[in-house]
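So the sequence shown is numbered by UniProt numbering: it starts at 1 and just counts up by one.
Don't read these hints as lab results, they were simulated from the structure. Here the structure is a predicted model, which means the values were calculated and not measured. Warning: the hint list may mix true and false statements.
Derived DSBU-like pairs (lysine-lysine); straight-line CA-CA distance at most 30 angstroms [unchecked claim]:
1) K386 with K351
2) K392 with K264
3) K263 with K392
4) K56 with K6
5) K240 with K18
6) K269 with K307
7) K307 with K386
8) K18 with K6
9) K282 with K493
10) K338 with K351
11) K392 with K307
12) K307 with K282
13) K264 with K307
14) K493 with K6
15) K240 with K386
16) K264 with K282
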Amino acid sequence: MSDLTKLTLAEARDALRKGETTSVALTEACLAEIEGAGALNAFVHHTPEIALEHAKAADERIAGGDAPAMCGMPLGIKDLFCTRGVPSQAASHILNGFRPEYESTVTQNLWDAGAVMLGKLNMDEFAMGSSNETSTYGNAVNPWRRGNDDAQLTPGGSSGGSAAAVAADLCLAATGTDTGGSIRQPAAFTGIVGLKPTYGRCSRWGVVAFASSLDQAGPMTKTVRDAAIMLGAMAGHDPKDSTSADLAVPDFEAAITGDIRGKKIGIPKEYRMEGMPAEIEKLWADGADMLRDAGAEIVDISLPHTKYALPAYYVIAPAEASSNLARYDGVRYGHRAKLAQGDGIVQMYEKTRAEGFGPEVQRRVMIGTYVLSAGFYDAYYNRARKVRTLIKRDFETVFADGIDAILTPATPSAAFGLGEMAEADPVQMYLNDVFTVTVNLAGLPGIAVPAGLDGQGLPLGLQLIGRPWEEGDLLNTAEVMERAASFVSSPSKWW
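Modelling step: build the complete structure from the supplied sequences, incorporating the hints.
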């Protein structure tokens, strides 16, 4: 078969079962693509030996006739997931040389299902960023270009390497994590599908923590059906994670029936932001029309506390980050600063953290420490937690009124140029998360689906937000929209 790397997971699964190709052939094709895509800087740790070992084992399993859907699928793994014996740095200098002796639960679930690890993917440092410009490995680059413009664009963040790798057909799918939109925003910027499951659906054990009450792993894939297939392998109860839900994993793919007649889709008025580009406005209206044409009822709804979501998020997330990142001190693993004569342990901590953390991580750690300090705890952190409760209640009220899913834009714009926002006021960068953070604050499932191109030929995505634990229903609605949008564009190869 030609163009093996362009296959979706569903197509590759069928081809493997029919004997039309092998996992080794798929893996070798992906490794060749990765080798030639250095300009994208998507893969930062290469594991070809592990990949071929996994692929050979998968082929034997498939030949035995007892292979799960993900068996033999070559994947990229975000550098936030700990992988045994393979560098797992969270794109931070402070974790230089760290090779864990254990496997994250999500990646272990994937290997148990027969998936193949091609290597580790670039990301924003400790998942803190919306453009993949805070990485110790340098910027990941979006495979898409604006018309005939050669300017390098962001693939989004923090799962920028994952998005770029899937969009450029370097792997069949990738893992991502989403704390405030880090799966959905890069998926929208690169024309792929990104699913953030309900908080607790996928284990956080072995995933380097950013903000523990918000972080959630999920799949980044070429199609909605692929997201369903991959989530089925990633998800599951994990006693090692106290926030992991003890729920059976349903057959998400079987939930995709293509029938959404009678479903109620909410359009929140608060998401009509001032200054929203006309292209985003039109895309949103078109998405509503697609779902209406498929038999859904479109209902205007209100989520009144939406305007407080971004400020609440940027208090809660840095507060949790400052606590989680306290463990990186140069004592047991990772980078340790060189000390001068007479330096003690306090100087070692200070120098190590100053050298090891990048500017954005330092900024968020300082904000987090400030809002947790004695004089400001109630004024900032406690108030933000109360706002979070109100945001969650907004969604509960809407779902109690019979709404099945909520349709919103995924991002306030198409991908912007690398360097265009990095030097600006950091708040401008934080505004990229305006449509996505509410989903994390409320612990809901959300999915970004490519739905069109802007005037410069860049992909734009729409977001669907679902009821808690009803990813199957959400995926079904998303697949209907995906089919109606019939987004088949792909980036022209320049790398």
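Here's how the hints hold up against the structure:
1. K386 with K351: violated (36 angstroms)
2. K392 with K264: This hinted pair holds, its Cα atoms lying about 19 angstroms apart.
3. K263 with K392: holds (22 angstroms)
4. K56 with K6: The hint holds at about 21 angstroms.
5. K240 with K18: Violated. K240 to K18 sits at ~38 angstroms, over the 30 angstroms cutoff.
6. K269 with K307: Between K269 and K307 the Cα gap is close to 11 angstroms, so the pair holds against 30 angstroms.
7. K307 with K386: Within the cut-off at roughly 14 angstroms; holds.
8. K18 with K6: Distance of about 18 angstroms is within 30 angstroms: holds.
9. K282 with K493: holds (29 angstroms)
10. K338 with K351: Cα-Cα ~8 angstroms, so holds.
11. K392 with K307: Holds, at about 13 angstroms.
12. K307 with K282: holds (22 angstroms)
13. K264 with K307: holds (24 angstroms)
14. K493 with K6: Judged against 30 angstroms, a Cα distance of about 13 angstroms means the pair holds.
15. K240 with K386: Within the cut-off at roughly 29 angstroms; holds.
16. K264 with K282: holds (20 angstroms)
Consistency note: the structure conflicts with the earlier hints numbered 1 and 5.
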